[in-house]
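Asker: Whole structure, please, built from the sequences with the hints as guidance.
Chains as they are written, first to last, in numbering that gives the first Met the number 0: chain A, 0 to 796; chain B, 0 to 53.
Check each hint, because a few of them may be wrong.
Here are a few chain A residues that face chain B, going by a calculated C-beta distance under 10 Å [unchecked claim]:
id, residue
1, Ala52
2, Tyr53
3, Leu125
4, Val174
5, Gly185
6, Leu189
One-sided and incomplete, this derived list gives chain A residues near chain B with beta-carbon spacing under 7 Å [claimed, not checked]:
id, residue
7, Ser101
8, Ile104
9, Trp105
10, Val122
11, Asp123
12, Phe124
13, Ala178
14, Phe182
Listed next, with one range per pair, are the computed distances between beta-carbon atoms [claimed, not checked]:
id, chain 1, residue 1, chain 2, residue 2, range
15, B, Gln29, A, Ser476, 16 to 26 Å
16, A, Lys554, B, Val38, 52 to 62 Å
17, A, Lys794, B, Ser37, 24 to 34 Å
18, B, Val38, A, Val256, 47 to 57 Å
19, B, Ala24, A, Phe222, 21 to 31 Å
Because the hints were derived from the structure by calculation, they are not lab data. Positions of the beta carbon are idealized from the N, C-alpha and C atoms, including for glycine.
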Amino acid sequence: MKQAEIDQQTTCYHCGNDCADEHIEQDEKVFCCNGCREVYSILSQNGLCSYYAYNEHPGVSQEKAAKRFNYLKEPSIISELIDYSDEKFTIVTFYIPDIHCSSCIWLLEHLNKINPAIYNTRVDFLRKQVNIRYDTQLITLYEVVGLLDKIGYEPLISLQDVVKKQALDKKDNLVKKIAVAGFCFGNVMLLSFPEYLGISVYEQSFRQFFGWLNLAFCLPVLFYSSTGYFKSAWTNLKNKVLNIDFPLALGIAVLFVRTAIEILTRTGPGFADTLCGLVFFLSVGKFVQRKTYYHLSFERDYRSFFPVAVQLIEDETERPVPLSDIQVGQRIMIRNNEIIPADAILLKGDARVDFSFVTGESVPVNKILGEVVYAGGRQTGEAIELEVVKPVSQSYLTSLWNNEAFTRPQENKTKTFSEKVSKYFTIALLIIAFGSFFIWFPFDLPRAISAFTAVLIIACPCALALSTPFTMSAALSIFDKNFFYLKNTTVVEQLAHIDTIVLDKTGTITISGDTAVSAYITATDTEKQMIYSVCANSTHPLSRLICQYLNNYIKLNINSYYEVPGRGITADIGGHFIKVGSAKFIDTIQLEATSAQKTEVHISIDEKYIGYFSIQQHYRDGIKSVQSLSSGYRLYLLSGDHGHEREALSSVFSMEDMYFERTPQEKLDFIKQLQQNGHKVMMIGDGLNDAGALKQSDLGIAITDNVNNFSPGSDAILDGRSLKKLPIFLKFSKDALRVVYISFCISLTYNVVGLSYAVSGKLSPLIAAILMPLSTFTIISFTSLATHLAAKKRKLI
Amino acid sequence: MSIIYFLIGCSVLLALVFLGAFFWAQRNGQHDDLYTPSVRILLDDEPEETDPKK
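Answerer: Here is the structure:
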């Protein structure tokens, strides 16, 4: 009990964060920051405190920079965002990444209590979407978003509305096709049972009746549910490709024709049950293969990273304009934490731009007036004014998207196993079918036709077509549990074929913005001020870090200044001679051996050794397991950052496989080079600068600390916490492929058994009706069991 | 045994009704969000007047 009380006192009532020494109190409740307290007071004023009853600390910390939504007053932007609007009401859908618990659903669906002008709200939890209907006359979009932001649910508004686009892609009626096929399959099974058990001689009229009904049920299956197979087989045939859909479509067609003839000529019961079952199982397999991650998007490009609108300065006044309307020569205003949307010249203000996401450079860069600032950087500090020199789509960074890697159609980069096999399978199938036809042809024409059709029916590769989807989708859900999200099932197979791994540095193996500087110096305040002044003069990243660490000193005048690239700085301040640099550079004292994992900057003033700053990059936990991959894979480091961590990383990568200061285009070309040498390349990156390389590689993995945040377009998204499991993931993907091979052998065995009946021309419908579901059932249970066993062995579940 | 004709007709008709119901639900978007309703049903309605004690 006591423990709970203490807990209550030290953690924020709203968000559950640890409250620092200074906390804010209201209504005997403790808050970590003003933002959290404000959210609470809004909720309590409106009688919405049940929010806190459903979950403990349901809020999200409000300690973040204030956002500006001014652009939501622009009619042209509004009309792009809303779903529907008339004089009475407007409907809009927002993506809110912070939705995470039942309290969120409750609160967002009670927005009406805070502002009655909002008629109703509907939350889609998995998609993290909220659909809002509000009164057009009483409240504006700007106010709605402001309200959401005020209660701690800031919508993520981006130019590229990925979520809505995803919803459009899904309309191919697969579910309806399954429903129709399932409906017909069930009814046909029912009507076929009397035939299996035998119908007595004086009930022959029923046989006729059931036959007609069966045929009727086959029609919607053939003309509605299985159309996809015929279309796909036809397009592939036109492109001179034999894929698995061809024998499937052939099987379906032959099944129907033979069923129709047998029933119409009253010569037999036909294969209606097999036909419906086949189409039903195949469609289910297709459905299983289609995994959707509602909250993830693999197709993002720079547009979802950039803001929706920018503040344009015209005639001394500011107004927001949509990003696409920005023209060369216009002046724009960028505030703290905003992203520079186009290449521009700095006109006014102190620009300290964080390019970590764009170039991989880990430290903010100072820009001087008149210098070109490239798009994609994030301004930290005061507001700056810029003049646009290139349109958004032609800027340094965004021009990467004009590369052919982005424009060529996204085909499967490597042929999947089932694609490779199905070609030979189809050829063998046709040879057997025609072979058995010509063997019987001289003696018995009806029997030859019956053998020919029987082969096509029995060898229809249903189980084969199902083995890959079921195995891979089981593998996908296992990866999913380990925070590794693959775009689709073919990615698993590509993962198994990789032989080269290329990693980005900043944000991928280091955690961006998390560098620890610790000082081991004995210096007076004036000496610290001198060190600060020297470092402030330098643009070297380490100097910047030291400046950040020492923080608020007044810069002193420097009499002379000399920087030896890669070694250090000498400077003279008020007669004092200061040296800042590597241990070798300051040779006044003998230093003990330093560890390789750290970067150190040593200081001496007037030839007297003061001490050193130790700068430690935080590497992800996974760095050790990445190291272990070097035995089976070729590892490369490809960074946009400077090479000052080369030493520290030499334990993971070999010296000649580390490349620094690479531009986004060079990264893409590097991957292409490797591929031309016959390597299967996996690229792991996080920033926009990796986008080209991710796209070009055989398998691009975007690594992120928060899957709801922006990540560049890729084949897979990996949560930073799971980087350490990467070697296991790679092994497991090989296991999954092995399961596919084995299940392929099993289904082939069934086919061979069935064929031995078929070639003789004496295929009874009962055998076909038993063999098909039996093989399907075996494959489904084998693949899911084997995949889960493999995952258990690898300790993934 | 001619009752069989009638019974089968009934069963097929009933099955068609269910298929139609499924189609209707699909078109109406009832399968769009399969998770949130399961949470929503557990959330209580607010009492009409706010609790005076507290």
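Asker: Which of the listed hints are not met by the structure?
Answerer: none
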